[in-house]
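Q: Based on the sequences and whatever the hints tell you, model everything.
Taken in sequence, the protein lines are chains A and B.
Quick note on numbering: our numbering labels position 179 of the first sequence as 179, and the sequence is numbered without any gaps.
Quick note on numbering: our numbering labels position 75 of the second sequence as 75, and the sequence is numbered without any gaps.
Calculated directly from the structure, the hints in this document are not laboratory data.
Worth double-checking, as some hints may not be accurate.
In the DSS-like style, the derived pairs of lysine-lysine whose C-alpha atoms are separated by at most 27 Å in a straight line are [to be verified]: (1) K428(A) <-> K92(B); (2) K428(A) <-> K3(A); (3) K158(A) <-> K46(A); (4) K488(A) <-> K471(A); (5) K53(B) <-> K14(B); (6) K284(A) <-> K53(B); (7) K92(B) <-> K81(B); (8) K46(A) <-> K3(A); (9) K50(B) <-> K81(B); (10) K428(A) <-> K53(B); (11) K284(A) <-> K50(B); (12) K284(A) <-> K158(A).
One side of the interface only, derived from the structure: several residues of chain B facing chain A at Cβ under 10 Å [claimed, not checked]: (13) P36; (14) E82; (15) A84; (16) K92; (17) L103.
For clarity, every value in this text was computed on a predicted model and none was experimentally measured.
Don't be surprised by glycine CBs; every beta carbon is placed ideally from N, CA and C.
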Amino acid sequence: MSKDHNAQKTCWNCPALELRGHVDFRACGQSMRKFMTEGQAMAECKRRPELGLFDPASLTFEECPEWEEGPYGYQLRDMRVLILGIDGYLGWTLALWLGSLGFRVAGVDNFNRRRWVAEEGSHSVVPIAPMEERLRAAKEVLGIEISFREFDILDNEKLRQFIQEFQPEAIVHYAECPSAPYSMVDFQHAAYVQHNNVIGTLGLLFAMRDLAPEASLIKLGTMGEYGTPLTGRPIFEGIFPADAVLQWDGREWSLGGELTPRDPVSFYHVSKVQDTFNVYESCKYWWLRSYDVMQGVIYGVHTEQVAADPRLRTRFDVDEWFGTVINRFVAQAVVGIPLTIYGSGGQTRGFLALRDAMQCMTRLILSPPEPGQYDVVNQISGVYRVRELAETVARIAADEFGLEVEIQRLENPRVEADEHPYEVVYEKLPQQLGFEPQVTLEEEVYQMLKLLIQPSIRSRIEAIRQVILPKTRWSGLHKEMDVIERYKVRPRRVVGLGAEGGGEDDPER
Amino acid sequence: MILNADNFEKEVLKSSLPVLVDFWASWCPPCKMVEPVVAELERELAGRVKVGKLNVDQNPGIAGRYHIQGVPAFVLFVGGKEVARRVGAQSKTQLRRFLEECLGSSRGSGER
Ligand SMILES: NC(=O)c1ccc[n+]([C@@H]2O[C@H](COP(=O)([O-])OP(=O)(O)OC[C@H]3O[C@@H](n4cnc5c(N)ncnc54)[C@H](O)[C@@H]3O)[C@@H](O)[C@H]2O)c1
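A: What follows is the structure, encoded as structure tokens:
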């Protein structure tokens, strides 16, 4: 896998750098104007004080002994990464992943997610251990030491204390409420989600300004921030390229560098858009550096680390509020609930497997933006229609596991287009950061089915049957959706994973 | 070409060809987004116009000397003197037009 994406980055990108001298002007083409002064931007290295004052552009990662070659590029030795939301689906997986790569990992969580899921009468269908047990198992099984603190990140004092203590070189911010339907339940839920997400992020930005301005912030946004423009224009990576021009009144301007329009699809997504602007502004005002990650829908249960011991498993939710689409389909297939698609099922979205998401995050952490740089990546590995996904899951479940699977179309509880064009630009991760997807949809669906079909997990899915089908409507009504159509998927062998046979030559293709 | 305090005099002020200098900063999204456009023009105009990039944070002295107030700033030098500038993101067509207008008289044959 490509390792050299960050070899030529310089101290300018490195979180160990402390800038000195004339760095306090800001005069972006789109913002304020100010005269620049004479002088030289100089820097000191927090890790190598013996360098004294030096020119930060003069030393590359490849040349610096603090950066060593690793599987995903040059890696800052014992790099300190703080994961906010470390108890979550992605946070826990990333903690173990980074830990086993030799990063020093610390994390914060207040177990909000465990409470939200319980509020609905649901649970993670893959059982997860309490945090103390998780930490102990990480140490025992993988030899990873994680510093964990339990608190609400809205408690700014505690957050500051911990940042001060740990001195993170990168901060991964997952600690938000990630559910669109949860934010649409009623006013209280909408206000809660927006407050938790927006104010949590805002407090973090101020804390970074004061205590960790050189750390890079990897902030999780979502592809849902963009919506699905019906003109079919490309969904750029957050920022317009220079050749995108605005023509009006016989004149023409480049839109290069301006944020592209956002069209969020729920009050949860609105919170993410507000975050985007808060992060963007902080980079502009204070020289913070951030990747705003427009992440697609994640699916999967598998990384080597979480599979190493039952106590290390990450959560896996399939309820109507917190389950994401492919994960839900797999659970439905396992317990014989028809896979539910909304409306025509033509909704097209970007997706990414759990393990690939971890690779992306690692690459982003290892390639910090430059001081003051706000950058956006569209983090997906492929684009699928929901209907296609249901059919793929149904086929693998039928062919490989002998399950009888039906698909049912429900009236759409959401306000969204069922059929729409969708052209996503997702070039930075593969082209500039060396990301190479390692997992195919079919393989991961197979892995998920294999785990979920075990009797102990199957019965945990059975136990929450009543919260799997959607009841939360964007209109505010709370009732079950009408079924528009139901059909069976005819088995055909497409994947041939594990089970005998597997016919590329199947006549029904 | 990457410009800095060490090579600015030789590559820009003493250049026999006109030089387009892109004053930019890492924190400036428009600067980042014009990068590929500037790189393409550099290739297409090779032999007629030289193109250089100067990071204003790494070289504040030069940026100050030319009163760079906002970036990206595209400053065209002919015979060591500034002849024109454009500030803010530019599409490739706009940048090319800017250069052609400024260098109109010296435009090579066959182009256009
Ligand atoms: N899973 C996906 O498909 C997906 C897709 C796109 C974006 N994202 C984003 O990625 C991030 C992580 O997603 P996830 O699926 O792991 O969700 P998750 O709910 O499992 O993880 C979030 C964690 O943050 C914690 N948290 C929330 N608010 C907190 C607070 N105020 N203080 C302390 N801890 C708090 C929760 O307890 C939870 O453990 C979220 O921001 C989400 O919006 C996820």
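Q: Each hint should be assessed against the structure and marked as holding or not.
A: Taking the hints in turn, this is what the structure says about them:
Our distance criterion of 27 Å between C-alpha atoms is met by K428(A) and K92(B), whose separation comes to about 21 Å. Of the supplied pair hints, the one linking K428(A) and K3(A) holds, its CA atoms being roughly 15 Å apart against a limit of 27 Å. Restraint check for K158(A) and K46(A): the C-alpha separation of about 24 Å stays at or below 27 Å, so the hint holds. This hinted pair checks out: K488(A) and K471(A) have alpha carbons roughly 23 Å apart, not beyond 27 Å.
Restraint check for K53(B) and K14(B): satisfied, since their Cα atoms lie roughly 16 Å apart, inside the 27 Å limit. The hinted pair formed by K284(A) and K53(B) meets the criterion: a straight-line CA distance of about 21 Å does not exceed 27 Å. For a cut-off of 27 Å, the pair hint linking K92(B) to K81(B) stands: about 24 Å separates their Cα positions. Our distance criterion of 27 Å between C-alpha atoms is met by K46(A) and K3(A), whose separation comes to about 25 Å.
Only pairs whose Cα atoms come within 27 Å are accepted, and K50(B) paired with K81(B) is accepted, the gap being roughly 14 Å. For the hint linking K428(A) to K53(B), the alpha-carbon distance of about 22 Å falls within 27 Å, and the restraint holds. Note on K284(A) and K50(B): the hinted pairing is violated, with a Cα-Cα distance of about 31 Å set against a maximum of 27 Å. With a C-alpha separation of about 26 Å, the suggested pairing of K284(A) with K158(A) holds against the 27 Å cut-off.
Taken as an interface hint, P36(B) checks out: its beta carbon lies about 7 Å from the nearest beta carbon of chain A, inside 10 Å. Hint on E82(B) is violated. Least Cβ distance to chain A is approximately 15 Å, over the 10 Å limit. Interface hint status for A84(B): violated, as the beta-carbon distance to the closest one in chain A is roughly 17 Å, over 10 Å. Hint status for K92(B): holds, given a least beta-carbon distance of 6 Å to chain A, under 10 Å.
Annotation: L103(B) was flagged as interfacial toward chain A, and the flag is violated, the nearest CB pair being 21 Å apart, outside 10 Å.
This entry does not satisfy hints 11, 14, 15, 17, going by the numbered hints stated previously.
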